[in-house]
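Asks: Each chain, written out:
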Amino acid sequence: MSEIRNYTLNFGPQHPAAHGVLRLVLELDGEVVERADPHIGMLHRGTEKLMETRTWLQAVPFLDRLDYMAMMCSEHAYCLAVEKLLGIEVPERAQYIRVMFDEITRVMSHLMLIGSHAFDIGAMTMILYTFREREALFDVYEAVSGARMHPAYYRPGGVYRDLPDSMPKYKPSRFKSEKQLKEINAAREGSLLDYIEDFFERFPKCCDDYETLLTENRIWKQRTVGIGVMSPERALAMGFTGPMLRGSGIAWDLRRKQPYAVYDRLDFDIPVGKNGDCYDRYLCRMEEMRQSTRIIRQCIDWLRKNPGPVIADDHKVTPPKRERVRGDMEGLIHHFKLFSEGFHVPEGEVYAAIEHPKGEFGVYAISDGANKPYRIRLRSAGFIHLAAMDELARGHMIADVVALMGTLDVVFGDVDR
Amino acid sequence: MSAKLERLSQILRIVFDGRLHSLAEDRGEVTIEVSAEDYLEVARTLRDHAELRFEQLMDICGVDYSTYGNAAREPGRRFATVLHLLSIEHNWRLRLRVFSADDDFPVLDSVCELWPSANWQEREAFDLCGIMYSGHPDLRRILTDYGFVGHPLRKDFPVSGYTEMRYDDEAGRLVYQPVTIEPRENTPRVVREAGYGDAGHV
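So the protein sequences, as listed, match chains A and B. For reference, each letter of the first sequence is one residue, going 190 to 606 in my numbering. For reference, each letter of the second sequence is one residue, going 1440 to 1641 in my numbering.
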């Protein structure tokens, strides 16, 4: 009789369903996964080490490059940590702007997730629709910060600048007729807030469209219901946070339980799953996008009514206005000091956590009083969730591993740091 | 919030009578420090004690304190493992810091059996800071390259590293070689004395 042995399969590092660069060593018994051993680190750039060699302000753009599907949320956590160390107050308007952009980012991240999750499982159409909406949100990023992907818009003390009064428009070209141009520029006639409002006016309808494609889709349900079930107790022990934890039925959301910025003044609900499988987590994320829409609408209302400063007035930390740099000796000194030596952060340590689209994103910052961080530790949800891959995949078919990859919502910039 | 933290500190003082090296409340966060011998037992109590109930381990990280404040450290105060715990039931957080006694070969008990989420995080702390966790089921490197030498987050490890990789035309494969770039520092790291920059400071 021939010897029977398990088959070991190397999934990745380059694989369309690996969401980046993941090498997954799968031990198979026929088609059933016996053991999954993720090898990560292919995208390790040593962010924590690099941040130690930069000033506190120069470290902000690194945060964008962590989770490149949810850029501004990571910046928020870092800014909260630095502000807590410095003990400075952020103007209220800046906090509303941050919350609005956090939620826009959450929608972007979830759109990416739902699109690619469905795409991995075989629903090709989804990703085309979700990317259409993501594109509009990238324009929001671009209008406010000048960058589509890595904005570095949040700064310790507030945000870099106020929301612009006009949206950039498409310019006439020989590829677009007058009529087409008018159509695509229709939403861009007003300010950025008008544009965002217009988008979130039609966004719930888009969510309905996604749901008609997926929620009751028989194939989608066959591929996700009962796959990767996590009991609430186990989810807690594994360190799950965010939709992964809520999918298992635990109503834990930092925006509610440990509110930061102005979340305690806003009205929204926390969707919770029941069975802790891929399908419930999908439903949670779908509902979270609708709740984000609610939050954004409240923020728009508030921001329209309340103009004001968007960055703290403490010029030991935040740059002075350009006129003051040109015309005022003190402003010049502040500007020079700030962008050469940087600001000094008092000795101490803090842990600032926010509700990132993927779970809890925490920044643990240690300062010894220097102009650079002594140690920055980035706690990313993706890393912790991917650690549960082995447990989730055991006993499932190899095709389900792809569904699990999708539901874990891992982004390798975030996992490998 | 602060009344809640006070309650937490009080409970900690009662439960760990004498075992706490320090208990600090700073910027709305509670930090406790225990010795490496007590670490595992303290962690177990933190998880299971009805009034503490830290059922989630949020984060483990290794810290190399060797150049902290540009000052010399006494022996046994170089490598710390810092845990961030969260209690969903009581909605509070705690930071637990443990120093490893030996600076040349830092060892600490593993908390994998208490919180399964510690598995990868301890691997990461081992990989990047070189802290060994005894009792860990699978202490392999996790983030760095296969066959990597050294622990990058130690303060004596240069930012540019020791080896670099390039494609060698003659050999027709990737080769490793010593780094050819010079590390440079654009902005020097400075620790200013207290009150620097304030009005009236000389």
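If you are wondering where the hints come from, they were derived from the structure by calculation, not from laboratory data. These figures come from a predicted structure and were not determined experimentally. You may find that some hints are simply not true.
[Said to hold, decoys possible] Derived, one-sided and incomplete: chain B residues facing chain A with beta-carbon distance under 8 Å:
1. E1468
2. Y1507
3. V1598
4. Y1601
[Stated by the list, open to error] Have a look at the derived ranges for each label pair, beta carbon to beta carbon:
5. B/V1546 <-> A/E405: 26 to 34 Å
6. A/N464 <-> B/I1620: 51 to 59 Å
7. B/I1450 <-> A/D226: 26 to 34 Å
8. B/Y1601 <-> A/F327: 55 to 63 Å
9. B/A1442 <-> A/Y196: 41 to 49 Å
Note that the Cβ used here is the ideal one computed from N, Cα and C, for glycine as well.
Asks: Next, verify each hint and record whether it holds.
Replies: Hint check:
no.	hint	verdict
1	E1468	holds (6 Å)
2	Y1507	holds (5 Å)
3	V1598	holds (5 Å)
4	Y1601	violated (13 Å)
5	B/V1546 <-> A/E405: 26 to 34 Å	violated (55 Å)
6	A/N464 <-> B/I1620: 51 to 59 Å	holds (53 Å)
7	B/I1450 <-> A/D226: 26 to 34 Å	violated (40 Å)
8	B/Y1601 <-> A/F327: 55 to 63 Å	violated (40 Å)
9	B/A1442 <-> A/Y196: 41 to 49 Å	violated (59 Å)
Checked against the numbered hints listed earlier, the structure breaks hints 4, 5, 7, 8 and 9; every other hint is satisfied.
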